[in-house]
Amino acid sequence: MTEELAKDKTASGALARRTRQLIEAAAPFVVLAACWQIGSLFFPKYLFPSLVDVLWHTVAIFATWSELAEVLATFARILGGLVGAFVIGGLLATLMARSAAVDRFLAPILNFFQGIPALSWVVFAVIWFHGIELRIFFIMIVTSLPAFTFQALGALRAISKDLAEMVLSFRPTRRKMFSALILPSILGDILTAWKVNLGNASRVVVVAELVGATGGVGYELLQQQQVFDMAGALAWTLQLVFFVLIVQRVVTMLEDRFLHYRAVSERTF
Amino acid sequence: MNAAARPDPPEIHLGHVTKTFGRPRHAAESFTAVDDLVLDIAQGEMVAILGKTGCGKSTMFNMIAGLLAPSSGAVLVQGRDPFRHFNALRGKIAIVFQNDRLLPWRTAVANVELGLEILDMPPLQRNETARYWLSRLGLGGHENDYPHMLSGGMRQRVSIARAFATDAKILLCDEPFSSLDEVTGQRLRTEFADLVREKRKTAVFITHSIDEAMQIGERIVVLRRPAKIAYDVRRRDVSPQAWEAVRPNIRSILSE
Numbered sequence: 001m002t003e004e005l006a007k008d009k010t011a012s013g014a015l016a017r018r019t020r021q022l023i024e025a026a027a028p029f030v031v032l033a034a035c036w037q038i039g040s041l042f043f044p045k046y047l048f049p050s051l052v053d054v055l056w057h058t059v060a061i062f063a064t065w066s067e068l069a070e071v072l073a074t075f076a077r078i079l080g081g082l083v084g085a086f087v088i089g090g091l092l093a094t095l096m097a098r099s100a101a102v103d104r105f106l107a108p109i110l111n112f113f114q115g116i117p118a119l120s121w122v123v124f125a126v127i128w129f130h131g132i133e134l135r136i137f138f139i140m141i142v143t144s145l146p147a148f149t150f151q152a153l154g155a156l157r158a159i160s161k162d163l164a165e166m167v168l169s170f171r172p173t174r175r176k177m178f179s180a181l182i183l184p185s186i187l188g189d190i191l192t193a194w195k196v197n198l199g200n201a202s203r204v205v206v207v208a209e210l211v212g213a214t215g216g217v218g219y220e221l222l223q224q225q226q227v228f229d230m231a232g233a234l235a236w237t238l239q240l241v242f243f244v245l246i247v248q249r250v251v252t253m254l255e256d257r258f259l260h261y262r263a264v265s266e267r268t269f
Numbered sequence: 001m002n003a004a005a006r007p008d009p010p011e012i013h014l015g016h017v018t019k020t021f022g023r024p025r026h027a028a029e030s031f032t033a034v035d036d037l038v039l040d041i042a043q044g045e046m047v048a049i050l051g052k053t054g055c056g057k058s059t060m061f062n063m064i065a066g067l068l069a070p071s072s073g074a075v076l077v078q079g080r081d082p083f084r085h086f087n088a089l090r091g092k093i094a095i096v097f098q099n100d101r102l103l104p105w106r107t108a109v110a111n112v113e114l115g116l117e118i119l120d121m122p123p124l125q126r127n128e129t130a131r132y133w134l135s136r137l138g139l140g141g142h143e144n145d146y147p148h149m150l151s152g153g154m155r156q157r158v159s160i161a162r163a164f165a166t167d168a169k170i171l172l173c174d175e176p177f178s179s180l181d182e183v184t185g186q187r188l189r190t191e192f193a194d195l196v197r198e199k200r201k202t203a204v205f206i207t208h209s210i211d212e213a214m215q216i217g218e219r220i221v222v223l224r225r226p227a228k229i230a231y232d233v234r235r236r237d238v239s240p241q242a243w244e245a246v247r248p249n250i251r252s253i254l255s256e
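Heads up: the sequence lines are chains A and B, in that order. Residue numbers for the first sequence follow this note's numbering, so the first one is 1 and each next one is one higher. Residue numbers for the second sequence follow this note's numbering, so the first one is 1 and each next one is one higher.
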């Protein structure tokens, strides 16, 4: 009887905790939406459309295959560019971590690239490449590459020398050294790098599509701008926001799955 | 010459080993940590290496482990150069470090399994072996705890279990109990020495403590900066009374 009561208490405690978490997660968005909706009562439709209009536009994009295909194309461009930049950045970081000469050679080039605005890369890509996909892939790679490289390099350099010597003392093969030490050591930083670069990439892809493509969310935003359809512009923007939130959630789930070992102090910073 | 009369080759051989850091040809920019060191360690010997801080003990240790190459001379472990033939000695040497060096993302049992994974032991067998060694070192029930959930003494026990689990014939220990409190250190030291004797390991045990060296060592080697042998005594060569008399000799060398 006492055990059952304790179980009930634990279950209700967990439910209350989850409800509180849900409310905390939703509260900022509810406040934001409420502010917008109030604004729509006082401003013309082309400046602040009602959220109901935005919602119908959003549903229409999901329900129309040709429009959904535009959204999916943009998602594919973001993910393709990020994966490409991650792979190349990872290779460059490995080379830079292994050789001081390579580091001295590549670091200034990557720093130089970082100083070039994303919009300039868009212009260069439009001049250099005819194919739209190649153009956008190039823009996504060059704008994400320096950040991925420096983040991966930082993660590799932060690997504990003590732990590396300990694993080395067992004389592992390269593959085992990677799986036992390197990957788990850098995973946290790599997942953070993905979160940061995902946000950047979603902004860059819109500019790239706006200027250099005939499809995708960026191109559709340009169409909405030409007809002063604010509800449409918001609906297309929300597609990207949803995408970023979904991928961020996946990354957070990976963090929860693989980084749960991290000790947490009872007293926070 | 009769082969039967030939003495066994040493398990560990350091022949006129010198290790210089920095730029060896520029005296002002270089530092000699080990200078012309000659030391042979026989199979099954438990040798305590004593010396002041900075006398080159850890450099010598790292050369035996194959983590550093000597500047000149020869280091041989089971007849092989541990630096050049690094992979050939896989599974032959295990190390217990000064701090536990546990992988924070692995549980206690997974940390003990690390060496066995590298030796390609099947998963079930390595899990059984790791659990056996954890239980042997008094950590039964803590197999699934992460390092941050364990005390300093428990973590060091996991690192000892990790070293013994691979069944390496040579154990290198770099002041493994120095960071523990006196009582825990004393208990672990005794358990460790018993295990080394039971498993007939060749052990090189670096320490700062004369008491620790006297308790554990079957042989005590005292190094003087830069890593030259100042004193070398075997327990079996002296009577129990004379063994205690070794203590003031070591103390006077270390205080020089």
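Heads up, some of the hints might be wrong.
Straight-line alpha carbon distances no greater than 27 Å define the calculated DSSO-like cross-link-like pairs of lysine-lysine that follow [claimed, not checked]:
no. : chain 1 : residue 1 : chain 2 : residue 2
1   : B       : K199      : B       : K52
2   : B       : K199      : A       : K161
3   : A       : K176      : B       : K228
Label pairs and their computed distance ranges (CB to CB) [what the hints assert, rightly or not]:
no. : chain 1 : residue 1 : chain 2 : residue 2 : range
4   : B       : R187      : A       : T10       : 37 to 45 Å
5   : B       : E198      : A       : N200      : 53 to 61 Å
6   : A       : I23       : B       : G141      : 52 to 60 Å
7   : A       : L15       : B       : M149      : 44 to 52 Å
8   : A       : T252      : B       : G79       : 17 to 25 Å
9   : B       : R84       : A       : L254      : 38 to 46 Å
10  : B       : H85       : A       : A69       : 54 to 62 Å
11  : A       : A164      : B       : H85       : 43 to 51 Å
12  : A       : S12       : B       : M149      : 27 to 35 Å
13  : A       : V102      : B       : I229      : 52 to 60 Å
Away from chain A, derived, C-beta distances all over 12 Å, residues of chain B [unchecked claim]:
no. : residue
14  : N62
15  : D120
16  : G140
17  : H148
18  : R200
19  : E218
The set of hints was computed from the structure by calculation and includes no laboratory data. Keep in mind it's a predicted model, so treat the numbers as computed, not measured. Even glycine gets a Cβ: it sits at the ideal position worked out from N, Cα and C.
Structure-based check of each hint:
no.: 1; hint: B:K199 - B:K52; result: violated (30 Å)
no.: 2; hint: B:K199 - A:K161; result: violated (30 Å)
no.: 3; hint: A:K176 - B:K228; result: violated (37 Å)
no.: 4; hint: B:R187 - A:T10: 37 to 45 Å; result: holds (39 Å)
no.: 5; hint: B:E198 - A:N200: 53 to 61 Å; result: holds (59 Å)
no.: 6; hint: A:I23 - B:G141: 52 to 60 Å; result: violated (40 Å)
no.: 7; hint: A:L15 - B:M149: 44 to 52 Å; result: violated (28 Å)
no.: 8; hint: A:T252 - B:G79: 17 to 25 Å; result: violated (53 Å)
no.: 9; hint: B:R84 - A:L254: 38 to 46 Å; result: holds (41 Å)
no.: 10; hint: B:H85 - A:A69: 54 to 62 Å; result: holds (60 Å)
no.: 11; hint: A:A164 - B:H85: 43 to 51 Å; result: violated (20 Å)
no.: 12; hint: A:S12 - B:M149: 27 to 35 Å; result: holds (28 Å)
no.: 13; hint: A:V102 - B:I229: 52 to 60 Å; result: violated (43 Å)
no.: 14; hint: N62; result: violated (8 Å)
no.: 15; hint: D120; result: violated (9 Å)
no.: 16; hint: G140; result: holds (21 Å)
no.: 17; hint: H148; result: violated (4 Å)
no.: 18; hint: R200; result: holds (21 Å)
no.: 19; hint: E218; result: holds (24 Å)
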